[in-house]
Every structure is written in structure tokens, then in C-alpha cells.
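Engineer: Using the sequences and the accompanying hints, generate a full structural model.
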Amino acid sequence: MTAVPMVRAEQVHKWFGRLEVLQGIDLEVAPREVFVIVGPSGSGKSTFLRCINHLEKVDAGRLSVDGQLVGYHERGGKLHEMRERDVAAQRRSIGMVFQRFNLFPHMTVLENVMEAPLTVRGEGKAVVRERAIKLLDRVGLRDKQENYPAQLSGGQQQRVAIARALAMEPKLMLFDEPTSALDPELVGEVLDVMRQLADEGMTMIVVTHEMGFAREVGDALVFMDGGVVVESGDPRDVLSNPQQPRTKAFLSKVL
Amino acid sequence: MATDTTTQGRPDAIRAVPVRRPGRWVAVGGVAVVAAMLLNMFLTQPNFNWPEQWKYAFNFSVLEGIRTTLWLTFAAMAIGLTLGVVIAVMRLSTNPIVSGAAWLYVWIFRGTPVLVQLLFWANIGALLPTIGIGIPFGHEFITYKTFDLVPSVMAALLGLGLNEGAYMSEIVRAGILSVDEGQNEAATALGLTQMQTLRRIVLPQAMRVIVPPFGNETISMLKTTSLVAYVPFYELLFNVQNIYTRTYQVMPMLIMASLWYLLMSSVLTVGQYYIERHYAKGARRNLPLTPIQKLKLVIANARGRRLA
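Going line by line, the protein sequences match chains F and G.
Under this note's numbering, the first residue of the first sequence is numbered -11, with each subsequent residue one higher.
Under this note's numbering, the first residue of the second sequence is numbered 9, with each subsequent residue one higher.
Careful: at least some of the hints might be erroneous.
What the hints assert, rightly or not - From the structure, some residues in chain G lie toward chain F, with a derived Cβ separation under 8 Å:
#, residue
1, T52
2, N55
3, T201
As the list claims (entries may be wrong) - Just the calculated beta-carbon pair ranges, DEER-fashion:
#, chain 1, residue 1, chain 2, residue 2, range
4, F, P172, G, G190, 19 to 29 Å
5, F, K236, G, D188, 30 to 40 Å
6, F, G30, G, S186, 23 to 33 Å
7, G, F82, F, E118, 40 to 50 Å
8, F, E(-2), G, F82, 52 to 62 Å
Just so you know, these hints were derived from the structure itself, not from any lab.
C-beta: ideal position from N, C-alpha, C; glycine also.
Structural biologist: Right under this line is the structure:
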């Protein structure tokens, strides 16, 4: 069986003005895989993640999700920029969780989770509500549904953010340093939810500094530095026995 | 060494002697003297002519003027807000022609006096005697006399509304810019389109920043409507002027009009407080108390203290 990879990147480049942030990323993420990206800040790992749902435009190379090119149509050997509506449609099946949660502060927890299914998919309120409550139950926050985000701890907010992304029933979840803004004692509750999600077979790409999580839950890992993939492989191998000097140097600082 | 407070019990609350504040008593004395002097002047100076003011305060033409002032204020603000949102969104557009057009609008309408703009619309017929619908540069199917299309009331609304739109657009733009970029990203990542993001996520949060200057603009508009007396269109000041040209009681009538304006702007201030409170939802952990709730709290506290 040769499944279509969930994400395929071929020589992906991204530059901001003269600064080349991604200098040719090649990688493949299989369905149901937990794919971990580690690397020092400024290595381009977050930028790459943001390219996957077209929050950033790829400047060269190709990036596809589930066999579909991201942000472009290919017609007659030429790339055409997608219209905004089509890009939005593409994003619906990709969930994203941010470092700073980015919950909508003017809506209750429940409204946050219900917003996208109601506005984007136009589903019925009763159905969405039922699903949202189930999702909040899953992340252990059923009793917080009427609270506003400002009334929750960071860990709780991040769990709501995960539920909000899951409400669109995505086939791929992107995590951009989901625990970096949390107090140490709150990291565990968020990782637990992510672990549970991985067990259920969700395809996940996780940018993180949590090496324990990477080792335990990750199926594949890449180490990025300076806009390129320096080393990749099984997380347990790479983390305990790095081959490249740059990987060794980085891991000696964070482990 | 840390002590366990639960077994030790809490020490008695501090009952310290408050700091003396002699400056306050001096200030109280000074203010009291000035207040007494003012009150004395109001009561004894016959030129204030309070009976005359009272006689006309609820006069039909005064009340009619107030009614006009109020609806003119709200209509002009409605036009201003609608235009303001549209222009602000245009201004933030990535299309340079669209944002340039918005810039030009603000430049013209913010850069010329509102009184000049009012007079301009009042006399537009002198510039364009007729306005028609038809093929550009070609045949006109229907032709109107400009004076029929733009009577005084239209001139007043156009002048005030278009001018306000320019100011409101800057207020709305500031509000939109104040919303964290992460909100945009989160909404975009969920698949919301730009318009949906603006309507559902950005504008409701921008309202928190927009409401205080919007209230300011509304109160300012309440007073600016008095300029349409020169269109001429009847409103509170226009009608009051009519009265004093007949009775020669200029100052009493102007004071009476001022008191009416003051009363109306006070009511608007209260309204603004409640709108601000509404949009504070989620931004604070708890909503601020309403004045009535505060009063209840003070009374409850006072009772509690007396009982204790």
C-alpha cells in the first residue's frame, strides 16, 4: 500500500526580503504520524509550519497536503495563485494550535469552539453545540464552557485552543510550540491531551522543545537549523545518538 | 522560619491613625467661597432672567428644536459610523487604488471646516443646477433639479455625515489596528475568510477601543449640529435665535439652550458608560460595577459597619 503522504515538502524555500528563512526543506509526513520538529529559535521551524496552512506563502519549491498543492493551482504546467476563498477552504481541514493560544477573548469557551463550524461550515447550532461540549469534555474542560478565556489558566486556554481546532474535524493538526508560553506545572496537562490525540491516530506536526514528549510520542523527528533540515530519523535515535555536530551542540543545551 | 498561620490564628487587623491632610480643608474652604460667590451672582444678577428662561424652556419651538437636534445627531452619527467602517477597511486594503481613494476622502473631508462643507452642500445647486441619470458623458434619461434632490435637511445630513465619516474612519482604523495580530491568524487558520474574520473576530474586539472616542464624537456632534442653523435648517439653536431676535433676551436664551445641550450630553455620557461595559466582556475577569450596583454596595457596606 502506497498511501499519499499527508504532507510532502520538496525544496521548500521562503524568504522575507533578503533573509532566506527556509533554504530547501524536503520531508514527508505519513498519515497518522506524529512528526516532531526541533531546532534553535530562528531555525525556520515555525515558518515552515505556517507554510503548511499558507499563513506564509512558499516562495520556491512545492508543498502539498494530502496530495493537494498548498496555495496554488497547477494548470498547464503553470502555477496560479489561489483565490482567497479557495485558500480558506484548504485551511478548514488543517487545525493549528499557537504558542500564545490566540483564543477569541470576547467569546466564551463554548463560543470559541463553536465559532468556526458555525461561521465557516454553516452547520446547525444544535449539532455544533453538542460536538463542542463533547470536545470540551475530552480536554477536561466541560465545566468551563461558560467562562471567558481571561478567566482560565494558560494550560486550560491551550486545551480550549486544541478543542477549537478539533471542532473543524481536521485531518492534520499543526502545533507551534504549544507549551512554550506555559508555566512548568501546566505543561503536562497540555501534553496529555496531545498524547491522547496521537493515540487516536491524528496526524500531527509538532514544533516543540519538549524532548521527553518527542521521544515518547513522536514517530519521526527532524532537527532544523539555519533554514535546512540538518538531521532526521526516529526520535529515540536522533535524540540519544545525534550524528551531526550541530544537532549534538543543540541537544547538549536543551537536554 | 515559616509559621503555620492556621494554627497561629490571624493577627488583629491594623487600626492605624490616618495621615492628616490639612491641604484638603484649605481646598474645601477656597472652593466653598467661590461656589457661594457664583450662586450669589446667579440668584441676584437680574440679567440672567431666570423667569424668562423658564418661560421658554418648554416652549413648542424649543422642544421641536431639541427633537431635530437629537435625530440629526443620531442620523449623522449613523452615516458617519457606516462610512467610517467602510473607509477604514478600504484604507487597510492591500489594493493601492482602494486605500488611496480612502486616504483622499479623509484628506478632503477632514481638511476643510465642517461649516464650509455644510454651506457647500446647502449651495450645491449653484455649482450643479441639475443632476441626471444616464450614460456617462452621454445622454441623460432622467434629470433632476439639484434643489429638489438636496433640500436643507439633506444638506445638513450630508455635511455632518460625510465629515464625521472621515473622523470615524480614523477611529475605526485605530480600533482595528489595536487587535492582536494573533487573532487574525487564529481566525484565518480556522478557515474564516477576511470578511468573516473582520466581522466576527476583529471588529467586536476593536469596539473596546472605538467606543470611548465614538462617545466623544457623538457628544461633539450634538453640539456641531448647531452649525446647521446657517444652512439654514431649524434645530435648537436656530429656534432659540428666532426667539431672542423677537424678545431681545439674548443671554437668557443662550444660557437656556446651553443647559439643554448640557442635559442631552449628560444622557449620552451615561449611555456611553453602558456600551463600554458591554464591550468589556472577556477583556476583564469581572465586569466593572454599574453606578447603581456600586451604590448598593456602599449602602450594604455602611449597614454592615454599623452592625459590626
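Engineer: For every hint, state whether the structure bears it out.
Structural biologist: Going through the hints against the structure:
no., hint, result
1, T52, "violated, 55 Å"
2, N55, "violated, 54 Å"
3, T201, "holds, 5 Å"
4, F:P172 with G:G190: 19 to 29 Å, "holds, 23 Å"
5, F:K236 with G:D188: 30 to 40 Å, "holds, 38 Å"
6, F:G30 with G:S186: 23 to 33 Å, "holds, 28 Å"
7, G:F82 with F:E118: 40 to 50 Å, "holds, 42 Å"
8, F:E(-2) with G:F82: 52 to 62 Å, "holds, 60 Å"
The structure is inconsistent with the numbered hints 1 and 2, although it conforms to all the rest.
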